[in-house]
Amino acid sequence: SSNEHKLNFKKSKEACLSYIQDALLQKQWKRAAEFLTCYVESLEKDYSREHIGPSEMIWRIGTEILWHHSQSSMKEFNCFMEQMKTLGVKRYLKVCLEHVFHLLCNGQIDEAYQNLSLAESWRFGEQTAIQDKEMKLIQAYRGLLDYCSWSKQKNILLEHGEDGFADLAVEQEMHGYFRKAAVNLKEIIKIPGVWDVFVKCYVDLLEFYGDHNEARQVLNEYAYNSKFPANPNAHVYLYQFLKRQGESKKSLISALKILHDIVPSHELMIDFNTMLQKSKKRKKRRLGLEVIFAALDYAGWKENAKAWSCLARQVKQIVISEKHLDWIKQEWNSRKDWWPAFHFSRYLAKRNWQENKSLSYEKALVAGILLGKDCKYFKYVSHQGCKAQLKRFRMLKKFVTRHNPVYLRISG
Amino acid sequence: RDFNERCAQCSEVNWGLTDGGRFYCRSCHNVTERTREVVNTDFITNSRVQSISKGLKKQEKTDGGCEWYICEGFQLVLKKQVEALEALGVCPQMKDEILCNFWRCYLQKSKQAYCKRPAGETVKALSVCESSTDVDSDPERPSLLHLLSLSESEGDLQTDCSFASSLSKVSESTSVYSGSVDGSLYLMKNQKEKLRMTMPMTLSFCYMALLWVREPITLSELLRFVVEGHIPYLNVFQHFPEKMKLCGLDLKIFCVESWPVYEEVFNKMHELAAFLDLPRFPDITENCFLHPDMLCMKYLMEANLPDELHNWTCRVVKKIGIGEVDFLTLMPGNKSTRKVKYDVLAAAVIVVVLKLLFLLDDHYEWLLSEFAEERNKNNTEVCMFYSGGPYFEFKKWYEVVKHSLDVEQKKLDEERAKYLWRCEKPLFYSVKNKSKVLKRRQMVVNLQNQFGKLSGSVQRAEKPNPSSFQLRWSEENTDGSCFHGHSLKGILQEKYGLLTAMNPDYWLCTVKLCNEKLCGHLAHYREVEFPQSYHFVLGLFSFLLRIQPSYIHDEVCMIEHKLFNKKLCKKLKYNTVLRK
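Residue numbers (our numbering), protein chains in the order written: chain A, 1 to 412; chain B, 1001 to 1580.
If you're looking for bench data, these hints aren't it; they were derived computationally from the structure. Some hints here could point you the wrong way.
As the list claims (entries may be wrong) - Cut-off 30 Å, straight-line C-alpha distance, at most; resulting in silico cross-link-like pairs (DSS-like, lysine-lysine):
#	chain 1	residue 1	chain 2	residue 2
1	A	94	B	1410
2	A	94	B	1434
3	A	45	B	1425
4	A	11	B	1425
5	B	1432	A	45
6	B	1079	A	45
7	B	1411	A	10
8	A	30	B	1411
9	A	11	B	1411
10	A	376	A	398
11	B	1436	A	10
12	A	136	A	94
13	B	1079	A	27
14	B	1453	A	10
15	A	27	B	1411
16	A	90	B	1425
17	A	75	B	1436
18	A	11	B	1439
19	B	1418	A	27
20	A	30	B	1434
21	B	1439	A	10
22	B	1439	A	94
23	B	1439	A	90
24	A	90	B	1432
25	A	45	B	1436
26	A	10	B	1432
27	A	190	A	257
28	B	1453	A	45
29	A	30	B	1425
30	A	30	B	1410
31	A	75	B	1418
32	B	1434	A	10
33	A	133	B	1436
34	A	281	A	357
35	A	11	B	1080
36	B	1453	A	94
37	A	11	B	1434
38	A	45	B	1434
39	B	1418	A	30
Hey, can you work out the whole structure from these sequences and the hints?
Here it is as C-alpha cells:
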C-alpha cells in the first residue's frame, strides 16, 4: 500500500538508527558520528509511547562513539556526559554512575570521586525515591573509593611502621576512610545482588579491625542467603576466609561443597579433592573422586598436571587397597565413551610427552588403569619413558602391568 | 467571477491579464472591460477580505504579532513554491496568471475570500499566544483532544502526545488556540465538501498549474524536486513574516512530517480541478513533453535502452490509442475516463515493449542475450559500424544498469536516513512549552556540532543542481556501458513486410483486472509471483519515478488489456501464455 512507501520522520529516523547500529558493530566511529548528527533532532519529538526514547539512544550511542573515536578527548566526553545528565531526569543517577565508570577506566579516580559525591547530594522530588537503587550504588562506589584511600593510607602506615615512625595524622585519616567506607559498603550488600568487589573490600576492612564475627556473618549471608543470586565467588570468599581463620577441615569442606555443585571446573577443586582424599570418612573420599573426575571433564583442565596427579594418586591408592574399585567403575561408566578420545589419544600421548613429562606420567598411570596396559596412551608414554631410562616410568610400567586385571574388572 | 466566459470575438476560453489588470483573449487579443482587482500576493491584511465577528481581540498584539488567517499562510506557501519553480525555468506566466487565478478561484469557491461570510460562521477562536490563562469556558467549544483526533493529517505529529498531555495539565477549560485566527475552525469542521487546504494540496495546485501550461515537468519529477529541496515544502513556514506567529494548531496544518505521496497529490489535483469547475485543459498533443512518445524517449534514454525501442513504444501507443489528444487531455469533472498519469504510463509502455520483445520470463531474454553475444563476438568492428551498432545484449545491459541502480539506490537510502526534518525556527504549541522547546533546540544544535566534527571530512554537500536525468549514459564511454546506439536486429524479423519480434509469446500480468474504484488498484503486485526480470524492470522505473512498483504494474496491466483486448474477449479462463 502507499503508506509503506511514505517516508516520514519516524521511518527516516528508524533507518538512521539502523545505519548507526551497523557502523557501531563495524567500529566505524566516523560513520556512526555522521549518522548520529542526523539523528539528534529526534530530541525535539515526543516519543513517550516508545520503549526506548531518543534521549536514551543518543546517550548510549554517543557514549560509545566518544569513548572509541580517535579524535575524541576526555574533555569532550565529560562535556557530553554533563549534557546527557540534563536530558532525562529519570535517568540522572544512571548517567552519573556510568560516567563514573568511564572516569575510573580512564584512571581519573579523583574526578570519579567528585562526581560520586555530587550525585549523592542530588535531590529531585519524587525521583529521589524512585531512583533509590541507583543512589545506593552510587554510595557503594563512593564507599569503594573510600576503601581504596583507606588501603593507601594503610600501606603508608605499614611502611612507616617499619621505619619506626608513628604517623598519627595518617592513622586518623585511615580510620576516617574506614568509617566512610564501612557505612556504605555495609548498606549495599544488604540488598540481594552480586557484589563481589564490595564484599571483598568490606571483609578486608572487618578483618583488619578484628571484627571476625561480622566478617563471618557477612560472608555466610552472601553465600547462603537464598535471596541472593547463586554466585560461585561467594563460596570462594567464604572458603578463603575460613582458611585464613584456621577453621577445621570439616567447615572448609562444607564451604567448597556448593562450589563444586555450581562450578565443577573451579580451580579450587584441586584443594577440595586433596582435602577429601585425606579424609577418614568414606563418603568424603568417594566425593573426592567424583570431584576430580568432574573437573577433568573440562577442556581447560586437560593439561593440568596437578589435577592429573590428584586423580592418579587416588586411583593408585584405590587399586593398591583393592577396596572400592566400584567407585572407579561408577565414575568411569559415563566417561568411557569419550575420555579415551578426549584425553588419551595417541596424538595427545606424543604431545604430552614432548611438552610435559610429569603430565604424561600421571596421565599414563590413569590411562593404564582405566584402559589397560595395551591402550595407545600408556603404551606410547611408557615406551618412551623406558627408552629414556627414566626410573619412574619403569616403575609405572611394572605397576600397571601388575594391576592389569583391574582394568578388566572396571571395564567389564 | 469565474473566467470561463467565452470571448465575445472568437468564442475561445483562453484568457490572460494585461498589465492594467484587464482580461484579454489570448487567441484574438480582444480586450474586455472586465477587470480583476489586483490582489497583492504578499501578505494580505484582513479587513478587506473577511467580515470579522465581534469580540475579537485588537489587531496589534503586544508580542508584535497580528491576526492572520490560514489561507493567507497557504498563499505564502504557494508563492514560495511557484517562485522556486520559476527559478527552475518554468515560464513566468505560471505565477502571475495561472496559479494566482486558480488560487483566487479556490478561495472564492471555498468561501474563504471574495465573498460574504455565511451568517452561521463566526470566527470566535482566540489567538492566545500571549495569554493562556484566558478562561473562556464555553461548553460548546470542542475540547483539544477532540480536535486533534478529528483532523486527518497525513503525518501523525507525535508531539500530539506531549501536546495533549501538557495541555491537560493546564486546565480543562483552556480555549483551543492557534497563532492564526481560524486555526481551530479550520481543523474542526468537516470541510470535505469545501476541499480544505492542506500542505500536500499546495503541490496539487502547482502540478495543476504546470499541467495547464504544459511545462515539461512530470508529477514524479515535481515530487522529486520537492524531496531534493528545490521546491519549498517541508519547513516553508519559516519564511512567514515575523508578524505571523505560528503556534498551537497552526503547527498541525503547516508542519508536515512526511513526504507527499504521488497518489495523494494526483488525486487531490483532480478533485481540485473539478471543484474549481475548470474547463478542459489545454490539449496534450504529440509535440508535448507529456505525450507518451516524448516521455518514452526520455525514459528510454535514462534507462540506457536502445533508441530503436522508440519505434516500438510509438507503435504500442498508437495501437491502443493512448496518444490521442482526447485521451491525454484533462477534462475536469469527467468521472468516466481514467485519469492519466503521464509518467507512469510512459514507463509502463516501455515495460510492455520489453515484454513483447524479450518476454522477460527469466529464460528467453537470457537466451536471446547469448545469441547476441555470439554474434557480437563474430562481428568485426567494421561490420558493426555499417550495420548500426552492436547487437543489444540483455545480459550486459542488466549488469551495467543494475550496478548503477544499486549504487544510486544505496545513496538514496542513506540520504533518506540522514534527512534533517527540523529547521531553525522553533515550533511550540503554547507559551508554556516555549522555553523547553528552545532549550531542546539548543541542545540539538550543540550535539550536532559535537558529532558533526567527529564525522570526519564528510560535510553536507551543497544541494546538487536539479536535473531531469538521474542516470546518465554517454556514448563516448569506451567501456561499452552505453546502449543507446545498440541494435535490436538480433531479436527482430520481417514478416509480411512488417518488422516483428522474434519472440512469439507473451504472458499477461493478470487475466482479469480488478475494479479500481473498489479496491484502489487494477491489479495486485506481489514480487514472488512474477519473473525476476520483470521485477527488475519495474524496480528500475520505480526508482526513476520514486513510486511503488505496483503503480507501474497497474498501468502495465491496463495497457496489456487494451492491447490484447480482442483475444481476451474471446475467453481465456486460465492464466496461459498467449500467442500474438
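Okay, the hints, checked on the actual structure:
no. : hint           : in the structure
1   : A/94 - B/1410  : violated, 38 Å
2   : A/94 - B/1434  : holds, 28 Å
3   : A/45 - B/1425  : holds, 15 Å
4   : A/11 - B/1425  : holds, 23 Å
5   : B/1432 - A/45  : holds, 16 Å
6   : B/1079 - A/45  : holds, 29 Å
7   : B/1411 - A/10  : holds, 19 Å
8   : A/30 - B/1411  : holds, 17 Å
9   : A/11 - B/1411  : holds, 17 Å
10  : A/376 - A/398  : holds, 17 Å
11  : B/1436 - A/10  : holds, 22 Å
12  : A/136 - A/94   : holds, 11 Å
13  : B/1079 - A/27  : violated, 47 Å
14  : B/1453 - A/10  : holds, 25 Å
15  : A/27 - B/1411  : holds, 21 Å
16  : A/90 - B/1425  : holds, 29 Å
17  : A/75 - B/1436  : holds, 27 Å
18  : A/11 - B/1439  : holds, 25 Å
19  : B/1418 - A/27  : holds, 19 Å
20  : A/30 - B/1434  : violated, 34 Å
21  : B/1439 - A/10  : holds, 22 Å
22  : B/1439 - A/94  : holds, 22 Å
23  : B/1439 - A/90  : holds, 18 Å
24  : A/90 - B/1432  : holds, 21 Å
25  : A/45 - B/1436  : holds, 12 Å
26  : A/10 - B/1432  : holds, 26 Å
27  : A/190 - A/257  : holds, 24 Å
28  : B/1453 - A/45  : holds, 24 Å
29  : A/30 - B/1425  : holds, 29 Å
30  : A/30 - B/1410  : holds, 19 Å
31  : A/75 - B/1418  : holds, 27 Å
32  : B/1434 - A/10  : holds, 23 Å
33  : A/133 - B/1436 : holds, 29 Å
34  : A/281 - A/357  : violated, 34 Å
35  : A/11 - B/1080  : holds, 27 Å
36  : B/1453 - A/94  : holds, 27 Å
37  : A/11 - B/1434  : holds, 27 Å
38  : A/45 - B/1434  : holds, 14 Å
39  : B/1418 - A/30  : holds, 14 Å
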